[in-house]
Amino acid sequence: MTGGADRARGGETGGEPPRGPWRVGDRPAGSTGRLRRAVGLPRAARVLSTQTENGRTRSLVLGLRLGAEPGQFAMAWLPGLDEKPFSLAGDDPVVLTVAAVGPFSRAVCALRPGDTLWLRGPLGRGFEPAGTSHLLVGGGYGAAPLHFLAWRLADRGDRVTAVIGARTADDLLLVDALEATGAEVVVTTEDGSRGLTGLVTDAVGPMLAVDPPDTLYACGPHGMLAALEAMAAAAGVTAQLSWEAYMRCGVGLCGSCEHRGLLLCADGPVLRGGERAT
Amino acid sequence: MTEGRAPTDLSVTLAGVRLPGPLVLASGILGTHASLMARVARAGAGAVTAKSVGPHPRPGHPNPTCVDFGAGLLNAIGLAGPGAEAEVELLIETRAALRPMGVALIASVFADTADGFGRVTETVCRAEPDLVEINISCPNVASEMGEPFAASCPAAAAATAAARRASTVPVVVKLAPNVPDVGEIARAVVDAGADAICAINTMPGMLIDPESGQPVLANRSGGVSGAALLPIALNAVHRVAQVVDVPIIGTGGVACGEDVVAMLSAGATAVGVGSAVYREGPEAFERIDRELRDWLDARGTTIDAVRGRAHRRPVWPEPASVPPVPRHGAG
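Heads up: the protein sequence lines correspond to chains X and L, in order.
Counting from 1, one number per residue, gives the positions in the first sequence under our numbering.
Counting from 1, one number per residue, gives the positions in the second sequence under our numbering.
Honestly, I wouldn't trust all of these hints.
[As the list claims (entries may be wrong)] Here are some, though not all, of the chain X residues that point toward chain L, as calculated from beta-carbon distances under 10 Å:
| # | residue |
| --- | --- |
| 1 | Gly-80 |
| 2 | Arg-120 |
| 3 | Ala-169 |
| 4 | Leu-263 |
| 5 | Ala-266 |
Derived by calculation from the structure, the hints in this document are not laboratory data.
Predicted model only: the values in this text are computed from it and were never measured.
No residue lacks a Cβ here, since even glycine has one placed at the ideal position from N, Cα and C.
So here's chain X without its partners, still in its complex pose:
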């Protein structure tokens, strides 16, 4: 934030708290809902290290901490190229796991230690750990935020099981990293090249029946999330689902990321099972 704006915030010198998004402090002065963090302009961050995760996915560790919760995301910017949302695979330091699927993500995957990537974040509403036994379910690129979540849950000393699925073994992501957090990891592949043959839902079904967790956290394609949402509801298990969105502004204003009357960049990406606009 610019210094000028900070000086303009009279509330910090005492007296009546100022109102409005630029004149409130962190406490919502009379607002009915939660006041999201102001995110400000992009911040330059040094790439500290990179690691290949699979054929076209790399993780980048950046010299920055955002004070993020698992499930939140950041907008990553390369000046003159583009700016896109990436789920945080970790914070303090920031870790992004990026699949090279387009010109921008390819450029990000080509960054080397010492290069600069600009970030705005943390953005969105993340996972909120609830209970003491947790089931994390990730499909495709969904493993990244679950990795961040698994570390947080490990810090609590809770019991964590993760089901990670992909079409084929080469597409699996962050399995070793999740195991390193202490989680019990079950792998599924559609072609049977590793772990159980089938979809993540094939593994989750019996788990919900036999040994249901306190909370199910999921991240992956919409079809997978819809199926898990229904399964969790039927089993009476609380679900928190991270929905992917096409994001434009990323800060809750343009409406492009609408889903069930909610904004996935601001009300989400993590929504409770069955949650929709009231």
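Chain X is already provided as a structure; the job is to place chain L on it using the hints.
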């Protein structure tokens, strides 16, 4: 506090259209889906303005398209949208959601020729909005459209006349702040048939990242909104109210009840809210509406009583019995 008493009536009439409250969702904020506009209506808006649409679908600019610089926002979304033809269905769906709440729907259009304004106006009127807002002033599209109209009396008048001819509902013309005299443009569009004016759109601006030396927005320039725009907006509304008699939707940087009072005092009939949604979501409307209500109730006054006060000098009591002060130097 006011238990047992009916809530203060904050309804206003804008070009013959009754709004249950004075707050209007500004165009470009959340106006892409019926569900989002309905959410804003439930939160207390008296009218919602849909996202501006043009003759053709537009992809909009790459990101970054909207950044918070601390005193407001800078945006260049690029008028992304499905085009007027596809918008009709969205407007119909929105209309249906808003109707039971009595909240008005304002469609918004832009084009690159005066005739184009006529055509897009005709198209969106098929959805039977309550008003149509003519966006002659969006600064985010190179020199293609918007810029020349908003800054030129004849061009603004031509676009307005075409829209007025084609429209089946009242026409609101949205003005740009970056002109030598916004009152002059207001006069021209009212003479050409504008039923109301929305003042103002965003102010052109730029932010540069110090590390790279590059503009932060992909479009390089963008529109400034939020708190930084409030004095510019109040000045424009005040000027427009001096020059024309049509109702004004005063828009720009309004974030709290007192800002609404200021806009009304400048001469606004209704008050647009957009960037205040940042950080709070649609619930910003609930808060601002409640703050306005509390402000009026605490003073036992009404919207009509505060409207236009900035054009009337206060009268201070004459001290009848105080002796005159001796002239300086008088012995």
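Subject >> Hints not upheld, ascending by number >> reply: Hint 3 contradicted; others consistent.
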